[in-house]
Every structure is written in C-alpha cells, then in structure tokens.
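> The residues making up each chain are set out below.
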Amino acid sequence: MSDQELAVTPLNALHRELGGKMVPFAGYDMPVQYPAGILKEHLHTRSAAGLFDVSHMGQAWLISEDGSDPAIAFESLVPADVQSLEPGQQRYSQLLNESGGILDDLMVTRPITDFGSDRLYLVVNAACKDQDLPHIAKSLKGRIRVEPLADRALVALQGPKASDVASRLFGPALATMPFMNQSVIEFDGIDLWISRSGYTGEDGYEISVPNDKAEALARLLLGDPAVEPIGLGARDSLRLEAGLCLYGHDIDTSTSPIEAGLLWSIGKRRREEGGFPGADTIQKQITEGVSRKRVGILPDGRAPAREGTVILGAEDGSEIGHITSGGFGPTLGGPVAMGYVHIDYAKPGTAVFLSVRGKSLPATITKMPFVPPGFYRG
Amino acid sequence: MAERKFSEEHEWVEIDGDTATVGITIHAQEQLGDIVFVDLPEVGAVFNKDDEAGVVESVKAASEVYAPIGGEILEVNDALTDNPALVNEDAEGDGWFFKMKIEDAGELDDLMTESEYNDFIEE
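Line order of the protein sequences matches chains C and S.
Take the first sequence: its letter number 91 is residue 1218 in the working numbering, and every next letter is one higher.
Take the second sequence: its letter number 116 is residue 178 in the working numbering, and every next letter is one higher.
Mixed in with the good hints there might be a few duds.
[What the hints assert, rightly or not] Distance condition first, Cα-Cα at most 16 Å in a straight line; then the derived EDC-like pairs of lysine to aspartate or glutamate: (1) K111(S) to E151(S); (2) K1167(C) to E92(S); (3) K163(S) to D144(S); (4) K1148(C) to E92(S); (5) K1486(C) to E104(S); (6) K161(S) to E92(S); (7) K1167(C) to E151(S); (8) K1340(C) to D1363(C); (9) K163(S) to E92(S); (10) K163(S) to E76(S); (11) K1486(C) to E76(S).
Since the hints were derived computationally from the structure, they do not count as laboratory data.
These numbers come from a predicted model, not from an experiment.
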C-alpha cells in the first residue's frame, strides 16, 4: 500500500513531531515506535504511564430502531451477556460466524443514561471495522441502526500511574472508577468518554475524544512527566505479555472462543440459552471439551519464537500445534509466545519443542498472563 | 587502522591480514531497533559468500546475518549471547559478530568502501 492510500488519525502530525517511526497498519499511517524504542516504551508503560493512539479502531453507536433494548438484538451476534450490562458498564466479546469462528473481538458498553437507553457503544478492531459494521447493520436490519463515530478519536492511557495522571487532570472520581466502566467527563468544554480499560494488562483508561480536540488532549496528557508516547510495537509486546489475543493472529474465523480460552467472556445465561451464531458448536465445546487450546509458551532459551513456529511434542517430535504470537517480552526479559496446541499438551508445565530455523528448542507451556495484571480492583 | 568494507546486507567487514571481523552497521541496528537475541555460527563452520551465518532479532522481527565473504568461522563474540543490546550500543565496535578466515581476497573487492556504503544508505 502506498503512503497516499493510508488513512491518518487526528494525531498523525503529533506522532511525526514526536519522532514516531511511521508504518502502515490496518490501512493507517501509525507510529510503530518513537525515538525511545519499543523496549523502553514497553517498560515505561509497566512502570509509569504510556499514551497510545488507538484512533484507528472503529467506534460506533448501535441504536435501537424498534424501541427494544439494543442488547437483545446484539446478543444474536455475540456470546456475551450484554443485556445485564448496567449503564456505564463495559464488556469484552466477539462477533461470531455460523460455525462459531471469531469474526472480530470488541468492547461493548451500555452508555450512561445521559445518552439514552436506546444505544450501545462499540469499539472494534481497525482491520475489521469495514466488515464488522456492515455485518452488524445487515444482520440486525430493522432492529439496530449502526452509526459509526468517525468524528471521534480514541487514546489509551495505560500503566500504574495512569490513575494518578487522569485523576489529577480530570477529577478524583477517575481514581475509584471501577474496572470496565465508562463515564463522561466534561473537561475544558470537551466531552471525554472515559472507560477504565485497555489492552496492556495494566490499569488505565481509554478516552474517546472529538477529532478536533484529540491533539490538545494528547498534548495535555504528554505534559505530565509520568506519561510518554507509546507506539504499536510496545502495544503488541504489552498485550502479548498480558496474554491478550490479537485478532487475525491468535483468534480468527478458524478459532472458537472456547479454543481461544475466552469462555470467561461468555455469560452463564448465554452458555445455557445459546442464541448466538455457532451456539450449537460452542455449547458442545463447553460440555465436551475442545481438541486444541490457546496456551502460553515460554521458550527455555533466549531465542524468540515467532508467529507460525511449529510446536512439537517432547516425546516423539510430532507436530502438536503452532505459535500465533511470539516475540520478546521486555518485562520478562526473555522470549514469550502464545499459540494453539493439541489438548493433551495444553497443561501448564508441559515440556514441548519449538521448531526454530531447523533447530528444536525446548519450551514450556505456561499459564497466562505472563505478568501479573495491574487492573484496578477497587 | 585496519581497512573496513561494507556489504549491501548492512554488514561491516574489518580486514586484518587474512582475518575478517564481521558485524552489522550502525545504520542496520538503528533500523532493527532494540536487539534482544543474536544467533551466532559455530566456530569451525565454513560458509560460502552470502550464506546465512546467523540471525539477529529485535523486539519486532528476526533478520538473517549473511557471510559477506566465504571462509571458516574462527571466533564468535560470545558477549552478545548474554548481552545482545551490545549491538545497539556499539554495532561497529564491541558489538562485532564473528571473525572469519579470508579464503579469497578477491571477494572483498565486491564489497563497498565506507563512502560508497554511506551513499548506498542515502538512496
């Protein structure tokens, strides 16, 4: 893709000013790193606070057209319990296809009552938004109207100092705001939709801001000595250490939420009632088990094992799976990976081999996350 | 000072008698970013020019290291095994990768001079 065809976020000029190394990502011109580099950016996020531009992700309203709770209609596309969300609560889920494969993963929020009770707020992956939103609109025609929020940018403030920074700037209520909750803050005439969530394994916030105020907000946050700009490279290593899935790599249409270890995101009621795409397959997988599972993998040595690396059984060297995300974990100070293995090898502690450049390197199946989560638990 | 030559694969070669010390250039380490792993060849291994002789991995990706000339590996820089970041800190000095025995001095003629290399990376 040539530069001319790449879309830009409202923070593009700021990324360049900050020395961001720009790369094409999901059709956008995005910073993979800043001058500090991926390693330092990663460690800074784990020890202080990092600011990420995630404006390329798709924000949208799902608005009820028939007066019913939009959560009822939306539940026909995702396995999460959406109906039980209270105003201001957010949940992680997946859009599924008819065979229970994952079309995308997403965050769905029932907004605070100021917005009205007729809508849900959705954030989907950048690379999938052009398929997701028409898919939702088409599947729920007559019941739900999809309204893309193209006029809003999205930034994430992540790390153990995110709470201090946010509460200092936007008010002390943010310090005690529960995990996976969203509120609206009026700041300097800007309406900020702030949720306590993120994708780094750290405490932090995702802040939706009107496009024309995004740069001012980013500069304000970066003005705090605890905050540094963080690129996509560290975003990837942070989420990998946190054991979080990257769509198109760790989950896709060939993987089910159960194989991916996402059963926790399927509400109890939904497990029993079904009523989502691929429910037969998924309910069967819940009761009878799966033949393969997403696991954490720690190479014993120092060599990183990248996506696509074949995983071999320790006894006979037969192929038992493959790595879907792998690299170096700066917090761990060593290589880290996740992937799918045959269920017989999925138990933490199982010794396996990784086929890296013709060599069989020893590795161990490991519980995820690889680093302790820093989420705010009140 | 010993003569230095440069390859299109962004490696430097320092020629000292019939021994060549090989590493990646400052430009290469800048492009790669934080280096976290270096896979060095075995001492005694023999490579032809342009053979894959090792691997250097940054946080993001793995890149091959090629033998810029043919010959036997005489010594490798074991310091990189425990401290791969040495390549970022001093790519064209302490961050050297391996030393080779020069079999065919004629192969060195295919490599670039420092100013030719500087022009090459400007392009």
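> Each hint needs a verdict: does it hold in this structure or not?
Cross-check of the supplied hints:
| no. | hint | result |
| --- | --- | --- |
| 1 | K111(S) to E151(S) | violated (27 Å) |
| 2 | K1167(C) to E92(S) | holds (15 Å) |
| 3 | K163(S) to D144(S) | violated (25 Å) |
| 4 | K1148(C) to E92(S) | holds (11 Å) |
| 5 | K1486(C) to E104(S) | holds (14 Å) |
| 6 | K161(S) to E92(S) | violated (23 Å) |
| 7 | K1167(C) to E151(S) | holds (14 Å) |
| 8 | K1340(C) to D1363(C) | violated (26 Å) |
| 9 | K163(S) to E92(S) | violated (28 Å) |
| 10 | K163(S) to E76(S) | holds (12 Å) |
| 11 | K1486(C) to E76(S) | violated (30 Å) |
When held up to the earlier numbered hints, the structure conflicts with 1, 3, 6, 8, 9 and 11 and fits the remainder.
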